[in-house]
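Visitor: The chain contents come next:
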Amino acid sequence: MTKTLRYHFFWLTLLFVVTGPGSVFAQKPSLSATLDRDRISVGDAAQLHLAFEGTQDIPAPSVSMPQGLSIRYVGPTSRMSVVNGKTSASVTHRYLIIPQRAGSFRVGPFNFTIHGTTYTAPAITLEVLAAGTPASAEPTAEGGPTPDQLADRIFVTLETEKDTLYLNEKALLTVRLYVNQITIRDANFPVFETSGFTIERIGQPQQSQVNQDGLLYNMLKFNLLMFPTRTGDLALGPALVQCTQIISRNQNSIPDEFFSSFFGSYETNKLELKSNALTITVLPFPEEDRPADFRGTVGQFSLDAQIAPHRVAFGDPVTLTMQVRGDGNLKTVSTPVLTDAAGFKTYDPQRKETEREIAFEQILVPKDADLTHVPAVQLAYFDPKTRQYKTARAGPFPLEVLPAESAGSAKVVASKEAAAQPRAPEELGSDIVYIKEDPGRWQSPEARLYRHPVVAVLFGTPLFILLGLWRWSAHQYRLTTDTAYARRLRAHPKAQRGYREAAADMAAGRHQEFYAGVSRTVRGFLADKCHASAQTIAADSLTSLPGSDRLGEAGIKTIETLLTKCDDIRYASLSASQDEMKEDLAALRQALDQIAKIHA
Amino acid sequence: MPKRLLLLFLVVTGGAALTLGPAPEGRAQDATFAKANNHYENGEFKEAIAGYESILQEHRTSAALYFNLGNAYFRRHQLGRALLCYERARRLQPRDPDIQTNMRLARSQLAYVRPPRTKLLKRIGDMPFQWVSLDEWTLGVLLVYLSLMILLSAMALQKTARRRLRTPARILAVIFVIGLSLMYVKINNLGREALVVRQRAEARFAPFEKATTHFELSEGMTVRIVEKKQGWFKVERPDAKSGWLASDTIALI
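Keeping their order, the protein sequence lines are chains A and B.
Throughout the first sequence, residue numbering follows this note's numbering, covering 1 to 600 in sequence.
Throughout the second sequence, residue numbering follows this note's numbering, covering 1 to 253 in sequence.
Keep in mind that the hints were calculated from the coordinates and are not lab data.
It should be emphasised that the depicted structure is a prediction, and the values quoted were computed from it without experimental measurement.
With a cut-off of at most 27 Å between alpha-carbon atoms, the simulated DSS-like pairs for lysine-lysine come out as follows:
| # | chain 1 | residue 1 | chain 2 | residue 2 |
| --- | --- | --- | --- | --- |
| 1 | A | 274 | A | 162 |
| 2 | B | 241 | A | 270 |
| 3 | B | 241 | A | 352 |
| 4 | A | 436 | B | 46 |
| 5 | B | 228 | B | 186 |
| 6 | A | 162 | B | 210 |
Model the full assembly from the supplied sequences, consistent with the hints where possible.
Guide: Below, the structure written as structure tokens:
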């Protein structure tokens with residue numbers, strides 16, 4: 001960088017530091033409130049802009065609306081500009097105002113205190129026209145009726161074909177969603193606040209257009225079935241329908257979902273619409289003329305039944321197949337009963353339910369060889385249309401019961417053609433397996449093997465043992481591969497042994513052996529701890545041993561003195577008194593303690 | 001050192017095994033069981049149920065007890081309760097053909113709405129327990145674990161055998177981890193699985209009588225309990241739909 005450039009850079013920086021921030025902070029904070037449109041119609045929305053000048057550190061303030069308007073926060077927009085050296089910053093919070101009815105509304109005045117600064121802006125007026133009135137034109141009474149409430153433009157109704165039902169009776173329930181000049185999407189299936197009814201859907205919702213009170217509505221119709229499950233005056237509804245309202249931000253264009261979603265010129269608003277509630281009177285079944293075999297079946301039903309085979313050997317089963325069809329609550333259909341089951345052993349029937357009918361299969365075994373027919377079967381039901389009990393019947397069915405022997409002989413005399421014909425698959429009866437005589441092993445309901453302490457012990461102990469084994473194995477391996485480690489490990493017991501032998505020599509008065517032992521013990525211990533040869537250790541070379549710095553000066557002096565004295569007595573054939581040996585034994589203990597500090 | 005460790009292992013495991021002890025005596029229960037069986041044979045199913053239930057109240061169970069109780073409920077057309085008893089019996093003796101047969105028959109007689117499909121992972125997790133009880137599975141996992149520990153110990157002691165034993169040890173380790181995971185999931189689900197014992201049960205959006213019905217459950221369907229609240233259970237269907245059921249409509253398996 002040249003000197004001139006450096007000079008300019010310095011002054012420019014100084015200018016910015018002195019004037020730049022100052023110009024931003026010097027700007028007086030202010031608030032302005034504007035609407036993108038001051039005249040809209042019901043179903044449209046206007047945007048409120050709250051622009052805070054002079055700062056960007058302003059959270060979205062809470063804005064209250066007069067009755068008839070609802071508000072939703074959209075988001076902030078920040079702006080910073082530098083004009084003629086002046087820097088200005090601002091943040092604009094955008095809100096969507098959605099009218100619920102027509103009228104003239106005064107929005108504001110606005111007064112917020114944020115971070116100790118008060119921001120004020122005057123009130124603004126929003127004129128809401130009735131739906132269908134062009135917002136650009138003056139409101140007019142001409143044309144057809146125009147609803148001015150949002151609730152008149154989108155609403156839900158709940159209807160039933162009957163308001164008095166019998167218990168379990170089926171009834172059609174209809175929920176209609178009416179929409180006029182509003183774009184909606186994602187309308188959910190109605191949800192009910194009710195108890196005492198079972199409600200089922202039928203098919204998909206149907207869409208159509210209807211004229212109601214001179215207005216054209218798009219209508220979505222939901223069909224449902226309801227079945228009361230208890231008696232009394234029961235409240236049904238309201239039905240709750242959730243959908244999303246699409247609100248155009250471009251008043252002049254025709255709503256176009258593609259462009260709106262592409263260019264983001266539409267806003268969405270979640271709507272929760274509640275219908276009217278109904279009161280349904282649910283009657284109990286009349287006591288009068290109630291058949292003994294009535295089991296709560298409600299509707300209009302027919303009964304078909306067949307038996308197979310028609311000719312059986314005594315003791316063989318006959319399958320009675322019954323089909324119940326009709327209009328009503330199929331779930332309440334009970335099993336048709338035999339009018340006289342005395343001659344048969346009966347088994348519990350099996351039930352199969354489809355959308356159109358319910359089929360029952362019952363196994364009968366003749367108990368009497370003289371039986372000529374299977375008695376009729378009947379189903380008692382209550383017909384809510386006629387308010388009477390009725391009985392659907394089928395049968396009786398002719399049956400030939402052959403004695404067991406006859407059945408056998410019949411097979412013998414059967415013709416060759418008959419024998420050659422494929423036999424019908426054997427039909428076997430079905431029933432549960434008989435109870436068990438042996439109670440088996442009693443146990444507590446809470447008894448579980450995984451809770452038993454033995455299992456915890458068996459899971460825990462081997463793990464500790466394994467860890468111990470691995471550690472021991474690693475130790476053994478190091479002993480064989482690391483000589484220094486092995487010597488260090490054995491040094492202590494060896495030194496203790498040497499000390500004990502020296503003490504024994506002293507007690508016996510063998511001074512030559514005593515000093516030889518002391519010398520050997522000290523040299524050996526030092527050699528093992530420092531991983532050196534015992535022969536190379538001399539009194540005057542202790543400081544050259546690795547780790548000898550941990551001995552300290554006093555320690556080295558003690559060992560030097562001891563080793564020198566040992567050598568003098570051994571090689572100069574001097575003698576030593578018992579007291580001297582005691583002192584030297586103590587010196588040996590001291591020396592060993594000092595040496596033990598090496599690689600401790 | 002290794003000899004001492006192995007001795008410790010034998011002493012601990014031997015001592016622990018001794019604490020297992022024999023099965024609890026149940027002579028009083030035997031007599032009640034026989035009496036309830038007599039009631040059943042005479043067609044007095046209500047009395048038979050009372051007899052079997054009295055044994056359960058004494059905190060004694062067996063697969064045969066649940067089986068016979070299931071039969072008694074079946075005869076009284078309480079198919080949900082029958083299925084519940086068969087399911088409990090199956091968990092104690094999963095390979096008993098009689099239990100399986102009666103379960104199938106009870107299911108076939110229920111006006112059964114086909115239950116939504118369970119998640120694949122859950123089905124795979126449940127598969128072993130169709131054939132093995134939880135105690136048997138625990139024992140199997142324990143045996144695999146002990147074998148793995150023995151192999152690892154041998155590898156620690158014999159360096160020359162390490163390479164040879166490495167593959168079997170890895171296989172055992174994988175089996176052990178899978179086995180232990182399935183066992184954990186199963187144990188975690190204990191006390192959370194329930195069966196609908198009423199003909200029709202309405203699952204509601206909230207735990208009170210007037211709340212909106214979310215969906216219905218048929219008798220015999222199984223659900224998972226996720227929350228409890230004063231007489232209500234929040235349950236989850238296999239397809240993850242959840243709702244509140246009155247506590248008297250379901251029973252814990």
